[in-house]
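Residue numbers (this note's numbering), protein chains in the order written: chain A, 1 to 114; chain B, 115 to 229.
These aren't lab readings, by the way, just hints derived from the structure by calculation.
The structure presented is a predicted model; accordingly, all values stated were derived computationally and were not measured.
Quick partial rundown of chain A residues pointing at chain B, CB under 10 Å, derived from the structure:
hint, residue
1, 41
2, 48
3, 56
4, 97
5, 99
6, 107
Heads up, the beta-carbon is just placed ideally off N, CA and C, and yes, glycines get one too.
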Amino acid sequence: DTEVTQTPKHLVMGMTNKKSLKCEQHMGHRAMYWYKQKAKKPPELMFVYSYEKLSINESVPSRFSPECPNSSLLNLHLHALQPEDSALYLCASSLTPEFDTEAFFGQGTRLTVV
Amino acid sequence: AQTVTQSQPEMSVQEAETVTLSCTYDTSESNYYLFWYKQPPSRQMILVIRQEAYKQQNATENRFSVNFQKAAKSFSLKISDSQLGDTAMYFCAFWGRYNTDKLIFGTGTRLQVFP
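Start from the sequences, fold in the hints, and give me the full structure.
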């Protein structure tokens, strides 16, 4: 199994809503990542979890709240988002937080904030 | 700071032909990795090929090969026998072992393969 599974694939939410994005992998990877990608742009790193601990927060606004309940699961909790937060949110994982091994990406969640 | 530059925003190629995507980078790191990722309309980023800076031999994966010029800090991707399924956004990326804690992506090249 070399998959990173993200749910939901599409999400439309209002600015007052609370929602969560989910990411799951069963490859035994100990590093997991959240990226934000705007149209026709490269992915931008948001958070890194290394051995289930938050190791990097790229100055992301607090309306995005990551959570890593166990080594296979990564969540991104969303609250009071703005329309400019509409984007593709990609999850990735790698064996370790070093990129000398392959990083696997999920198919992303297309988020629209209305 | 590390930077990755892809100077070709869009390229097109006819099926079965060969196309080369360019990438240059800037770093002071001595031990680093370079990557080409493909992102088709399905949105999933897929690793196409990886090159370790210490290895002089250019990496090859089936129809995909790189021309790694370390002194020139150039890392181009050659796609041979292009197929319709190669249509995608291609991102060049860099990671340095000592001073880089994340993948540094270029701005991407959109490749269209025509029948």
